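Kindly produce the complete structure, drawing on both the sequences and the hints.
As they're listed, the protein sequences go chains A and L.
As numbered in UniProt numbering, residues 1 to 319 make up the first sequence, in order.
As numbered in UniProt numbering, residues 1 to 319 make up the second sequence, in order.
Honestly, I wouldn't trust all of these hints.
Copies of the same chain look alike in the list, so a pair counts if it fits in one copy or across any two.
25 Å max Cα-Cα, derived BS3-like pairs, lysine-lysine [as the list claims (entries may be wrong)]:
| id | residue 1 | residue 2 |
| --- | --- | --- |
| 1 | Lys127 | Lys273 |
| 2 | Lys216 | Lys166 |
| 3 | Lys166 | Lys198 |
| 4 | Lys198 | Lys30 |
| 5 | Lys30 | Lys119 |
| 6 | Lys166 | Lys215 |
| 7 | Lys30 | Lys166 |
| 8 | Lys273 | Lys30 |
| 9 | Lys215 | Lys30 |
| 10 | Lys162 | Lys246 |
FYI, nobody ran anything at the bench for these hints, they're computed from the structure.
What you are looking at is a predicted structure, and each value in this text was computed from that prediction instead of being measured.
Number of protein chains: 2
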Amino acid sequence: MRVLTVTLNPALDRELVVENFTINNLHRVKNQKYSIMEPGGKGINVSLILSGFGIPSIAMGFIGGYIGAVVESRLRNLSDLVTTNFINVEEETRENITIIDPASDTITEINSQGPFVDKRDIDKFMKRYLVSLGRVNAVVISGSVPPGIPEDFYYLLGNTAKEAGKLVVSESIGACFEYAVKRGAFTVARPDLRSDQKLFGQDLEDLDDYVEAGKKIVESGAKMAILSYEIEGDVIATEEGVWFFKTHEHVERSHLLGTGDSFVAGVVEHLLKHPHDYLNAAKRGMAAAITEAAYLGKERITLDDVETNLTAFDISRLR
Amino acid sequence: MRVLTVTLNPALDRELVVENFTINNLHRVKNQKYSIMEPGGKGINVSLILSGFGIPSIAMGFIGGYIGAVVESRLRNLSDLVTTNFINVEEETRENITIIDPASDTITEINSQGPFVDKRDIDKFMKRYLVSLGRVNAVVISGSVPPGIPEDFYYLLGNTAKEAGKLVVSESIGACFEYAVKRGAFTVARPDLRSDQKLFGQDLEDLDDYVEAGKKIVESGAKMAILSYEIEGDVIATEEGVWFFKTHEHVERSHLLGTGDSFVAGVVEHLLKHPHDYLNAAKRGMAAAITEAAYLGKERITLDDVETNLTAFDISRLR
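And the structure:
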């Protein structure tokens with residue numbers, strides 16, 4: 001095992017293609033092919049992308065009930081390189097439903113909050129986490145936290161791993177993530193700015209705000225901060241400076257699905273081979289994200305694709 | 001075992017309560033309690049209602065994949081009186097998603113078609129059906145048929161059971177149902193007129209059309225036809241005449257969910273005890289449906305409730 005991915009709040013991703021979707025009506029989905037059911041949650045996504053790169057991983061987190069069982073068994077079937085090590089909780093794992101209407105070009109999403117996690121579940125997780133930590137070189141902590149998780153939990157996970165000499169990469173947002181970032185618990189931090197362009201209580205408006213946020217993350221103890229800027233750009237901050245990556249080609253908003261997870265997987269893949277080579281790791285991440293953006297579904301990207309896209313964006317130094 | 005219920009196309013019913021549901025937006029369902037996941041499909045519903053009456057049943061049909069496994073295991077957990085005997089098919093069992101918005105009082109439904117059933121699956125089903133038939137007094141054949149089912153299949157099931165001396169009750173609609181009704185394969189037939197008020201290629205418009213349709217079903221070989229007329233009425237046709245049942249109290253359209261299945265369960269319950277007492281069986285069915293309409297969820301109705309509601313409607317003779 002090379003990598004441990006943490007997804008505290010996994011999901012069953014359901015994608016339904018419904019033509020002419022309207023409210024207060026009965027719609028019939030005709031073709032089974034138009035109804036996709038995949039394991040979801042950002043850490044799990046990273047595990048699957050890593051498996052496409054030939055990198056084995058252990059997926060950890062909390063799952064519950066019938067939907068949880070579906071997530072776990074689907075995940076096991078999808079790749080031999082992903083080992084599952086989930087703690088079972090009482091309530092049902094959430095299901096994230098996406099209704100895609102190609103006729104009106106709309107995407108309607110219904111996300112559930114996820115099962116409640118209690119103190120006993122958290123203790124069980126922590127014990128297994130410490131055991132698994134001994135078997136990996138890197139830890140990825142990604143996605144939202146379910147109800148019941150204390151604010152310092154991402155800090156605890158990240159800090160414990162860092163102190164054990166592991167690479168720790170996180171993409172998330174919210175109180176738990178910020179608490180950990182402020183205390184330098186992650187080697188690489190990528191705020192998930194998809195739904196809210198806000199960090200440490202401040203709105204990120206112009207490019208300067210992103211640069212300052214990136215610098216703040218590095219000053220707090222991270223080796224690298226990655227902030228997606230608008231659809232086609234990324235601000236990269238390290239101890240050496242701040243850079244701006246921009247894709248050559250225009251990217252559709254609907255193609256952004258999963259690009260953050262690919263970015264993280266690309267960064268991890270490079271840093272496993274070349275520890276401390278942060279800027280080049282970010283370039284691999286960017287190339288992986290661009291590769292992902294070329295796909296609409298959850299097809300697995302390959303290292304060859306990533307290689308090809310290493311020249312698909314411009315790099316300029318900002319600071 | 002007293003009853004065999006056939007649900008060729010079961011479903012996992014998902015009910016999501018989403019406040020201010022709008023298209024092209026991301027909605028978050030906050031409370032797990034607002035996300036219901038139950039086994040569905042009309043035959044299965046009848047099995048569950050019968051179990052509330054203390055009547056054991058065998059539930060048969062086709063299920064597949066992860067969702068099928070959830071349906072089967074949920075069903076087993078819900079009642080000790082329901083024995084499952086499903087044939088496994090390759091494709092996924094369908095999930096019927098209902099999005100209820102209490103703020104705007106809308107119900108948006110997305111139903112999938114269901115898995116494809118091939119010749120081999122059908123042969124397997126038929127073998128097991130013949131075995132199970134020997135263990136029951138009545139057969140309920142309800143709901144839609146999945147792709148792959150031949151048009152004469154409901155006829156085959158009904159006719160075989162009838163020739164073996166069983167009571168056969170069916171609530172369904174479409175080619176397969178009409179084929180069987182026209183050939184007298186059911187003892188009691190209740191067309192499912194919820195989405196389309198159409199039978200034998202003709203629109204049912206005024207009460208006379210319903211009376212004629214009911215008479216036609218009886219003339220084709222059924223002992224009783226039951227046709228829901230508008231929201232609060234039912235037309236009952238037997239060899240003795242035609243009656244009209246009408247509830248005293250106003251029923252909301254959103255409370256109709258499951259009332260057809262309760263009607264069928266009430267009819268079956270009565271006919272098991274009093275064979276050939278059709279009109280009184282219809283009264284029990286009507287009382288069961290009215291009881292069901294008083295509930296919004298899938299709570300189990302009791303025989304005491306049914307007893308109470310035997311006087312909750314008027315009966316008038318039409319022919």
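Task: Hints not upheld, ascending by number - done: 1, 3, 7, 8, 9 and 10
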